[in-house]
Amino acid sequence: MPESEVGASSPALAPAALERLRALRSRYPVARSAVLPALWVVQDELGYLPPWAEEVVAEQLGLLPGDVAAVASFYSMYFNHQPGRHFVQVCQNVSCALRGADDLLAGLREWLQVDEEGASPDGAFTLEGTVECLGACGGGPMMQVDRYSHEDLSLDSARQILERVRDGAGGGAGA
Amino acid sequence: MARGAEPVPDGLVLTRHQGAPGLTTLDGYRKVGGYQGLARALEMGSEAIVAEVKASGLRGRGGAAFPTGTKWGFLPQGVFPRYLAVNADESEPGCFKDRVLIEEYPHQLLEGVLIAAFALQASHAFIYIRGEYRKQRELLEEVVREAYRAKLVGKRILGSDFGCEVVVHGGAGAYICGEETALLDSLEGRRGQPRLKPPFPAVKGLYGQPTVVNNVETLSNLPYIVTEGGAAYAALGTEASPGTRLFCVSGHVERPGTFEVPMGRTTFRDLLELAGGVWRGRRFKAMQPGGGSMQVLGPQHLDVPLDFKAVAEAGSSLGAGALVVMDETTCMVDVSRRLVDFYRHESCGKCVPCREGTYFESQLMHRLEEGRASAGELATLADICAGMDGRCFCPLGDTATWFVMSAYRMFKDEFDAHVGAGRCPVRARLGVAA
Numbered sequence: 001m002p003e004s005e006v007g008a009s010s011p012a013l014a015p016a017a018l019e020r021l022r023a024l025r026s027r028y029p030v031a032r033s034a035v036l037p038a039l040w041v042v043q044d045e046l047g048y049l050p051p052w053a054e055e056v057v058a059e060q061l062g063l064l065p066g067d068v069a070a071v072a073s074f075y076s077m078y079f080n081h082q083p084g085r086h087f088v089q090v091c092q093n094v095s096c097a098l099r100g101a102d103d104l105l106a107g108l109r110e111w112l113q114v115d116e117e118g119a120s121p122d123g124a125f126t127l128e129g130t131v132e133c134l135g136a137c138g139g140g141p142m143m144q145v146d147r148y149s150h151e152d153l154s155l156d157s158a159r160q161i162l163e164r165v166r167d168g169a170g171g172g173a174g175a
Numbered sequence: 001m002a003r004g005a006e007p008v009p010d011g012l013v014l015t016r017h018q019g020a021p022g023l024t025t026l027d028g029y030r031k032v033g034g035y036q037g038l039a040r041a042l043e044m045g046s047e048a049i050v051a052e053v054k055a056s057g058l059r060g061r062g063g064a065a066f067p068t069g070t071k072w073g074f075l076p077q078g079v080f081p082r083y084l085a086v087n088a089d090e091s092e093p094g095c096f097k098d099r100v101l102i103e104e105y106p107h108q109l110l111e112g113v114l115i116a117a118f119a120l121q122a123s124h125a126f127i128y129i130r131g132e133y134r135k136q137r138e139l140l141e142e143v144v145r146e147a148y149r150a151k152l153v154g155k156r157i158l159g160s161d162f163g164c165e166v167v168v169h170g171g172a173g174a175y176i177c178g179e180e181t182a183l184l185d186s187l188e189g190r191r192g193q194p195r196l197k198p199p200f201p202a203v204k205g206l207y208g209q210p211t212v213v214n215n216v217e218t219l220s221n222l223p224y225i226v227t228e229g230g231a232a233y234a235a236l237g238t239e240a241s242p243g244t245r246l247f248c249v250s251g252h253v254e255r256p257g258t259f260e261v262p263m264g265r266t267t268f269r270d271l272l273e274l275a276g277g278v279w280r281g282r283r284f285k286a287m288q289p290g291g292g293s294m295q296v297l298g299p300q301h302l303d304v305p306l307d308f309k310a311v312a313e314a315g316s317s318l319g320a321g322a323l324v325v326m327d328e329t330t331c332m333v334d335v336s337r338r339l340v341d342f343y344r345h346e347s348c349g350k351c352v353p354c355r356e357g358t359y360f361e362s363q364l365m366h367r368l369e370e371g372r373a374s375a376g377e378l379a380t381l382a383d384i385c386a387g388m389d390g391r392c393f394c395p396l397g398d399t400a401t402w403f404v405m406s407a408y409r410m411f412k413d414e415f416d417a418h419v420g421a422g423r424c425p426v427r428a429r430l431g432v433a434a
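Protein sequences, first through last, are from chains U and E.
For the first sequence, the working numbering assigns the number 1 to the initial residue and increments by one for each residue that follows.
For the second sequence, the working numbering assigns the number 1 to the initial residue and increments by one for each residue that follows.
Hints were generated in silico from the structure; no laboratory data involved.
Backbone N, C-alpha and C fix where the C-beta goes; we use that ideal spot for every residue, glycine too.
There's no promise every hint is true.
[What the hints assert, rightly or not] Okay, the calculated bits of chain E under chain U, using three or more residues with CB under 8 Å as the criterion: (1) 93-100; (2) 177-189; (3) 255-261; (4) 309-323; (5) 330-342.
My request is simple: use the sequences and hints to build the entire structure.
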């Protein structure tokens, strides 16, 4: 989605998402605890966290917009800009690196022709190689595509998975 | 592999129901005796449970190995509400056991959570699961919903006077949130940065109330301890290292995976053999016994038992129970550089020694790995690390020095050979492109 389309008309969350935000408040003894889950609701809906949506979260939880922005900026999984339709992380930590993660990442970068931000030209993928250990060390090298882990990868098998995801098959969050 | 109707294998606790059908559903878990531990716990009462946990010798499985029963005992008398926070923020490099326990035995975890919550008289239990474990978070949410419907969670659990709400709470990408006070700040809806201790969470934790933070594996042991008794659990291991542990083995082995083994009576060599030995017929070079934070050990340590004291005497720690194996082709400077980069990325920025120290470490290790560092630069490594270890606000900064310094001591020739070499000499020797 081009940036210019976002916020062109008065932006708002879908009613169902807003309802989910309201429901979150009562799950916690203190409403502020709902900030992270609320940001997840918004990001699941929009694909990222535009400032206006952080303001909606702040209003719902009785916080200042700056409080919410300060929290969101701390956590690496919240996006402040629209990523590709699918988010791909290739673990580069020790266990995966010992089994070939460097070659996998380099191969995928070349194949997807990603830019410095990790975005592929067709907008299908954002590829990231700076990520915490993804906790699938027994299946290295591995990548996570949206919410799905794929383990014991070769460059070929990783390409096949990403081709399927790009064509709309399972393995993606469909954000 | 054991099926539900068959007797469970001797000597296993966490994985004793492995292979039973439908274990991730309430029905499936009940068929193997699930939630009988909770029913028993409700009859025993709080004090008796704490006594069993103390007798079991169970120590925290998140990395710090603090005795669980003792931690519970720190809660001040008569102060309510109290909270239980479940640390499912597993992020230690090389560690993936909590993921396995959640994916394969989620009801066992929930039963452990409820037993602990009852023993502590906690009104709420929050399961803080790392953001990357999204699918696992959704599985836990479904498991908790199922348990609510069955009156295992919520008000008047199993018809008793005890009630507890369970909330599954997703993080959003921050290694530091595995540190218990950072986890609590994150759970309160703040940036996940550690708090000054004391006061410890047991006294002032979530929302300033008494709080216990326990790891997924720690809690998953409780159904067994309550039904079979603390002494039976302890007897599976040795006196100094009681019980079993789910070890992760990864890196240069034939069959990486998780293996539940008795503590104290198993050696690193046994674990390595369970994982099929060093891969491709190569020779063993080094290992990290407890995940990315822990000091490197060499071939001379393979016969050390998985015992807290023995591993400490060897100069390292069992940490989060993650064995990372490296074969003879591994460049120790490259592994060090990778771990240093990890800590630099994950430093929360709260204190200067960690924030700046990891930056300096990273700059230096990149230059060294590329063969561009001078001998003088390499000599500053020890200074940088001395300025960090023991001087950071929380253990993240301390542990950012442990692997690299231990590797420098054990493989000094390899580090020195990188000085001014123009490229990585280990890769050069192997004929790998720079």
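Hint by hint, which ones does this structure get wrong, listed from lowest number up? Of the numbered hints, just 4 does not hold.
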